[in-house]
Amino acid sequence: MSACVQDAPLPHRPAARPPVRPGWVGEPLRLAALLAPAAAVFAAFFLLPLVRLILIGAGGAEGWSAYLTTLADPGHLDSLISTLALSAGVTLVTLAVSTVAGLFLVRNRFPGHALLVALLTFPLAFPGVVIGFMVIMLAGRQGLIGTVTQALGAGKLVFAYSMAGLFLGYVYFSIPRVILTVMAAAEKLDPRLEEAARSLGASSWRVVADVILPALKPALISAGALCFATSMGAFGTAFTLATRINVLPMTIYTEFTLQANIAAAAALSVLLGLITWAALAVARSVAGTSVAAAG
Amino acid sequence: MHSLSNRRGWGFWLQLGFTLLVCALLTVPMAMSMLAGLTANYFVGLKSGLTLRWVEEVLRVYSGTILLSLQIAVACLACTLVLGVPAAYALARRPGRIARLVEELLMMPVAIPGLATALALIVTYGSVGDLRSSWLFILIGHVLFTLPFMVRAVLAVMGSIDLTTLEEGAASLGAGFLRRFATVVLPNCRSGILAGSLMVLTLSVGEFNLTWLLHTPLTKTLPVGLADSYASLRIEIGSAYTLVFFLMIVPSLILMQGLSRRGRPSV
Numbered sequence: 001m002s003a004c005v006q007d008a009p010l011p012h013r014p015a016a017r018p019p020v021r022p023g024w025v026g027e028p029l030r031l032a033a034l035l036a037p038a039a040a041v042f043a044a045f046f047l048l049p050l051v052r053l054i055l056i057g058a059g060g061a062e063g064w065s066a067y068l069t070t071l072a073d074p075g076h077l078d079s080l081i082s083t084l085a086l087s088a089g090v091t092l093v094t095l096a097v098s099t100v101a102g103l104f105l106v107r108n109r110f111p112g113h114a115l116l117v118a119l120l121t122f123p124l125a126f127p128g129v130v131i132g133f134m135v136i137m138l139a140g141r142q143g144l145i146g147t148v149t150q151a152l153g154a155g156k157l158v159f160a161y162s163m164a165g166l167f168l169g170y171v172y173f174s175i176p177r178v179i180l181t182v183m184a185a186a187e188k189l190d191p192r193l194e195e196a197a198r199s200l201g202a203s204s205w206r207v208v209a210d211v212i213l214p215a216l217k218p219a220l221i222s223a224g225a226l227c228f229a230t231s232m233g234a235f236g237t238a239f240t241l242a243t244r245i246n247v248l249p250m251t252i253y254t255e256f257t258l259q260a261n262i263a264a265a266a267a268l269s270v271l272l273g274l275i276t277w278a279a280l281a282v283a284r285s286v287a288g289t290s291v292a293a294a295g
Numbered sequence: 001m002h003s004l005s006n007r008r009g010w011g012f013w014l015q016l017g018f019t020l021l022v023c024a025l026l027t028v029p030m031a032m033s034m035l036a037g038l039t040a041n042y043f044v045g046l047k048s049g050l051t052l053r054w055v056e057e058v059l060r061v062y063s064g065t066i067l068l069s070l071q072i073a074v075a076c077l078a079c080t081l082v083l084g085v086p087a088a089y090a091l092a093r094r095p096g097r098i099a100r101l102v103e104e105l106l107m108m109p110v111a112i113p114g115l116a117t118a119l120a121l122i123v124t125y126g127s128v129g130d131l132r133s134s135w136l137f138i139l140i141g142h143v144l145f146t147l148p149f150m151v152r153a154v155l156a157v158m159g160s161i162d163l164t165t166l167e168e169g170a171a172s173l174g175a176g177f178l179r180r181f182a183t184v185v186l187p188n189c190r191s192g193i194l195a196g197s198l199m200v201l202t203l204s205v206g207e208f209n210l211t212w213l214l215h216t217p218l219t220k221t222l223p224v225g226l227a228d229s230y231a232s233l234r235i236e237i238g239s240a241y242t243l244v245f246f247l248m249i250v251p252s253l254i255l256m257q258g259l260s261r262r263g264r265p266s267v
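Going down the list, the sequences are from chains A and B. By the numbering used here, the letter at position 74 of the first sequence is numbered 74, and the numbering carries on one by one without gaps. By the numbering used here, the letter at position 133 of the second sequence is numbered 133, and the numbering carries on one by one without gaps.
Everything hinted at is true.
Sample of chain A residues with no beta-carbon within 10 Å of chain B, all distances over it, derived:
| id | residue |
| --- | --- |
| 1 | PRO74 |
| 2 | LEU77 |
| 3 | ALA85 |
| 4 | GLY155 |
| 5 | LEU220 |
Covered stretches of chain B, going by a simulated chain A footprint (3 or more residues, C-beta under 8 Å):
| id | stretch |
| --- | --- |
| 6 | 9 to 18 |
| 7 | 27 to 38 |
Derived from the structure by calculation, the hints contain no laboratory data. All figures in this text were calculated on a predicted structure; none of them were measured in a lab. A virtual CB, placed ideally from N, CA and C, is assigned to each residue, including glycine.
Next up, chain A with everything else stripped away, as it sits in the complex (with noise of 0.2 Å):
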């Protein structure tokens, strides 16, 4: 199954071969044909969309500084300095997890590590929704925490419904797409690197250190990025938590579905937008030096 170049049919090889790679002429042109198709559906239903959404964000009484006025709301602001906060501690978190387990995973091998992987990664396919019902399972009013608290002598602690509900349930979300993140990058790094810094009397801790985790950098650079993303733009966790917790997300569907306040829900919905665009390609061109430079 294995097609590689050394399984291709080799046809009697000529002598001298001409230096000319044939049909690589039209190659820009096959490429953008290539690329047309994705590029053209994007076009359509993504920036073309995009675009109204802006316009009607600016089409309220105050136009374009309604942008403005949107963020001078207090409630607005509120929400979108705890939605902040939130996806920075749950990214920092979810990486420093991420990182250990997912290292751990690919540098040892054991009885039951591959339903350990299995099971870690288990979670990707959740949906908002049912993260937020897992963390009631954990931390509702009938959850486990709550269980062990009573019965330690402690009191029900019960923190579902509120920010810290909401943390827990996007960590738990991002683990297992930042761990899968960090194992396949781990299994590319070249083990000559790691055996060359053992060979030259180098601990495990100082291998991490200086050859593991700056190889890792771009990888979790992206990663967090993209786990920043989520947690600013996610809204079923908090949908199912509970409609009153502060995130920004649940400002905009309240805005949209309950306040019929379109022009606002797209203000807010763009401002979103470009912040958690903004991180990530901040985060991607720092990604991609750190490449250029490894390379």
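Based on the hints, put chain B in the right spot on chain A.
Chain B alone, transformed into the frame defined by chain A:
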């Protein structure tokens, strides 16, 4: 072997313990919810007995949402393969400012919240023909959201192999573009295509942020049904529904993981 036995010191056990703890955080609530879906009365507990009646009720009431989600996921995978793999190839062959810009643009539906994308689609195409009430409206949203994952997964693998040299080798042996693409490029990117497909299928089946605004009463997907059941029905039915969802994605996850493991040594 020496370094392996070296690692089995306290560091190994500490990391194993930590990883198991993370695993418990993820799996214990799953197990609890599965059990709740099979328990006759969750508030009484297991002593009320195990039953399949909640699962049967979910299948009776919500089978439409399950089938629709599967239909959309398969269609979404087909779309992202056809659109995403050639696009990733084009981006990998011409790395540079333009490729970066295109990649950046393609990433936008991930960066921009699903709510915003859904709002944009509704204000632009909500009144075009019957699109608003068709499942294709949801499919469009899913393709936008999952395409970047396919492109990135394939691009990551393409970036790690020397595509140019491989292709030049094949071309010097007289292979035309289609043949090179089919016998050199695609096989060498197999792991990326599989990883991308895993992501696309799982993300599509579970997508809620976009779908919640895009769905209509006649086009309810599984996560939409889940949200309904969490909000309005007893906890046993919500749990049984979640159990059905788990059962749906476990086989595909195991299959995909097995495939990627088998593919690994040859890559």
